[in-house]
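**Student:** Starting from the structure of chain A, add chain B where the hints point.
The residues making up each chain are set out below.
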Amino acid sequence: MSEIDPAAIAEQADVPTEPKQASHEVGRARRRKEDARLLTGRTQWTDNIQLPGMLYVQFLRSPMAHARITRVDVEAARQLPGVVAAFSGRDFAAEQGSLPCAWPVSEDIVIPDHPPMAYEEVRYVGEAVACVVATSRYQAADALEAIEVDYEPLPAVLDMNEALTGTSPKVHDQGNQAFTWKFGQGDIDEAFRDAPVVIDRTYVQQRLIPTAMEPRAVVCTTDGQSFTMWSATQIPHILRFLLAATTGIPEHMIRVIAPDVGGGFGSKLQVTAEEVLCLLLARRLGKPVKWTESRSEGNLTVHHGRDQIQHIMIAAEGDGRIRGIKVDLLADMGAYLMLVTPGVPLLGAFMYNGIYKMDAYDFACTGVFTTKMPTDAYRGAGRPEATYALERAIDELAHELKLDPMQVRRLNWIKHEEFPYTTIAGLTYDSGNYEAATDRAMALFGYDKLRAEQADRRDRGDPVQLGLGISTYTEMCGLAPSRVLGSLSYGAGGWEHGSVRMLPTGKVEVVTGSSAHGQGHETAWSQIVADALGVPYEDVSVLHGDTAISHKGMDTYGSRSLVVGGMAVLQACEKVKEKARRLAAHTLECSPDDIEFSQGAFKVKGTSQQKTIQELTLAAFAAHDLPDGMEPRLDADATIDPENFSYPHGTHLCAVEVDTETGQTKIRSYVAVDDVGRVVNPLIVEGQVHGGIAQGIAQALFEEAVYDAEGNLLTSTMADYLLPSAADLPTFVTDRTETPATSNPLGVKGVGEAGTIASTPAVVNAVVDALRPQGVHDIQMPCTPERVWRALQ
Amino acid sequence: MIPAQFDYVRPTSVQEASQALAGDDDAKVIAGGQSLLPLLRLRLTYPTLLVDVGRLSELQGVHDRGDHVFIGAAVTHDEVVRSGVIRDACPLVALAAATVADPAVRHRGTFGGSLAHADPAGDLPAVALALDAILVTSEREIPASEFFVDYLESAMHPGEILVGIKVPKLGPGWGFHYEKFHRTAQAWAIVGVAAAVRRSNGSIAEARIGLTNMGSVPVRARETEARLRDLDLGEAVRQACAHAAEDTSPPSDLHAQADYRRHLAQVLTHRAVRAAAGSP
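These protein sequence lines map, in sequence, to chains A and B. 1 is the number of the first residue of the first sequence in the UniProt record's numbering; add one for each residue after it. 1 is the number of the first residue of the second sequence in the UniProt record's numbering; add one for each residue after it.
Pulled out of the complex, with its shape left as it was, chain A reads as follows:
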């Protein structure tokens, strides 16, 4: 074995002795480095993974919304060609455990047993009751048809209000109420007593089906002792921990890998029945198994989103000043409580006051069981619902007082000079400037001119009416300070981890506990690290999504990656630099205090003597001459727990043309001015805003999961569950104001959910605004042409 010669390595790797570049990566609109492989498919999606001896799993799913299982016979399936095994739920009853709910929100919460494969009772259409494992996907699917199941029908429970009556059939023996959760500040009775104006409205958040580009898929293999699972998941770390907790397989014997994952929007923030069962099947059969859902299987069984009935009341003065807001929610849990099912409405509980000042606030939420697919986090999780009800009701208040809806907002919002501001819901908004974002949006939109056109169309009785919709939103994201999560009974913390590995050749390998599934972490983290360490952007690579590589992490959801995970990486960079500074001082024979760092080089103040970070990295690798007590290598880890949430805000304005003859709506223009704090990569922000707005518009106008009276999902294919495409959406005009967050060193706020949260009320406010002269105050989402037309009859 040859000697390691640092000088030779340095030459080979072209280790710079001068700083390579003046780095200004943060703020640069770089194209994403991960996109080439994602867009060309030259990567490993879970379904692409092939292992020797791979077996394929298919699940037989309940066609009944609610029934007792009286018999399952898988024998005929076992005899079919290619079939290796077939199991009923009962075959796994002793080992499959109960799917976890990590957010028991209240003392009175009912968390029913949730077996991954049902064996006594089914409680929604699509619940797995049996499975087949075969040598091909086709043979497994064929064999499902040979399984016989006898069901004794039980009554479906579909309507939340009916479910809470004493006469309703029960979803679970414990009853249909999952929990009640209350929260209040100030004297709400006083606020409503003799209030000059009271707005009292009920809105329906329809049920939505999250639709990621990549369907869910799981591969699991074992060497007889330990297990490796690949899953299209947002949460490899949480999944590993909860697979261990659910099955009893020791945590250190499980490795979870989230390879490239094609989107999640919250739907892959879950511990699924299929993941648990693939693990157990791999254990029982000693073979690798794979399951990939079909799109219609996904519509049935990916956890659904929203589905709330919102009762909101605003008490206000005659001039439009808000006294207090009272909210009472019914939230459809579906048949079981999944990972954070009961917590979703609570994420909205602190947001129904929005950007407005008031003296009193009261919130109550009742979780209700129905015989439908469980609901859980979906892009925005609780906050889109809150923003929708609030922004709709603010428009009602303006209409009631014959005031311009923007005027009412201006009157009530927190002024920019009042930050930091502690809201009635108890959150401290660190920074914001609602005036600046709004002024910019109003100018881009041409608000006054559009109002004039609206008046003209009304005067002319034009069959195509124009409506203007406003949404001035904020949100709490960057989940989250662990102590706050603890106070809300959440089962884990909100910290994040980052590692920076300084490789001998001066390249940098970053390991993040965030788990990218389309957000562009590799690009954004590289930009942050390039600036922090003064290394070229190209010299940074980012690893994520594998519990064996990224050993600590809380994963990606709730617009938390940059604000928490990115800051952990930044802090690790600071530790690297601190150590490098001490090594530089040692090498250059001066005090660390005399070293200044600039653009990748550590210089002795007032001299030309310097060492680049790459030179120091190599020196720390060779470790021939380190200061006393210094460990070799410059690598560093950091785990940070945020002190506060972050609070992006913005003003979205939407103009909608409504064809009163057909009810057809057409978005004429859409302006979004968001303030997400400092921006690391404007292209990524733009992409998130566009996608977010599209998803919010989808709720306003297009998407709805519909169950029939027997509890069958009618929208099980994309022919019936309508997703808008680019052809159905207008050109978005987007701009930003930049009010840095004060709660983190980069001043970033997070952008993953903002567009979705803001856009839904902007669109529906516009539709309703178009039809106010006809006495329309509400149109239930999605505002389909038929619903609009009926509202006019």
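In short, the hints are calculated from the structure, not lab data. Please read these numbers as outputs of a predicted model, since none were measured by experiment. Cβ coordinates follow ideal geometry from the N, Cα and C atoms, glycine included. Be a bit skeptical, because a hint or two may be false.
What the hints assert, rightly or not - Incomplete in silico selection of chain A near chain B, CB under 8 Å: (1) S294; (2) S296; (3) T662; (4) P724; (5) A727; (6) D728; (7) T784; (8) P785; (9) W789.
**Tutor:** Quick look at chain B alone, frame taken from chain A:
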């Protein structure tokens, strides 16, 4: 896509295809597959044999044959949209084909396939009906008015293969429009109206109107056609179009209730007729 098992043959002539179909009661014809594959995927149908006619030479091409245009059954929607012959001689076919689903579907799906599938929600059956097209099968010629028998059921018997469609040229003075009402660009029509209008001296001399998704088969708006004859353009046209939904029995489904479809048929027929008549 995990369909049940089936055999697949790709015959080289219509005769061979007919023989293949005759030998198996559960055989199905496939061309572009844009209607059949979703049914296979959902295991709503279990054919034992797929007979692929998509590349049969007899089913290809768009031919100008003097008084009519012959469109091969396996011509894709995209080819229809791009055909100069069709755009010149029977533009309504191209106008409607351009609204079918999305580019991916239009590049695979065939004109003949969407007629043979006989889905009343498809855009092209109503067009064929409005234009009095003649459907040429391996055995006979069937007028469009007799071709659509019921929901997803045509007059063709098992083993019969649609070879092409004769679309009569309507000559000068005719204007055309296909008015499709749907919720997203890729979605099926809630209601569609195919209109051909001949103008003469500022009035409507003759109108032919086919309705999409207003019953178990595509239908003609006969009452409106009769009332439009020799009518001056103006308010009277709206009144005539108010009869468009007469004698229809539109479905109530997830996307629209029947009464709304009836209402839409009236509004959209008015719009389609005005557009076909070149009236702003």
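**Student:** Measuring from the C-beta of W789/A to each C-beta in chain B, is the shortest one below 8 Å?
**Tutor:** OK, holds: W789/A within 8 Å of chain B, min 6 Å.
**Student:** Answer holds if the nearest beta-carbon of chain B is closer than 8 Å to that of S294/A; otherwise answer violated.
**Tutor:** holds (7 Å)
**Student:** For the hint on S296/A, does the least C-beta distance to chain B fall short of 8 Å?
**Tutor:** holds (7 Å)
**Student:** Interface hint check: T784/A, Cβ to nearest Cβ on chain B, cutoff 8 Å. Holds or violated?
**Tutor:** With a minimum Cβ separation of about 7 Å from chain B (threshold 8 Å), the hint on T784/A holds.
**Student:** So, as I understand it, the hint says A727/A touches chain B; can you test that by seeing if any CB pair is closer than 8 Å?
**Tutor:** holds (4 Å)
**Student:** Hint P724/A vs chain B: min CB-CB distance below 8 Å?
**Tutor:** This interface hint holds because 6 Å falls under the 8 Å limit.
**Student:** Have a go at the T662/A hint: is there a Cβ in chain B nearer than 8 Å to its own Cβ?
**Tutor:** This interface hint holds because 6 Å falls under the 8 Å limit.
**Student:** If you take the shortest Cβ to Cβ gap from P785/A to chain B, is it below 8 Å?
**Tutor:** holds (7 Å)
**Student:** Do the numbers back the hint for D728/A, that is, is its least Cβ distance to chain B under 8 Å?
**Tutor:** holds (5 Å)
Violation of the numbered hints given earlier is absent; every hint is satisfied by the structure.
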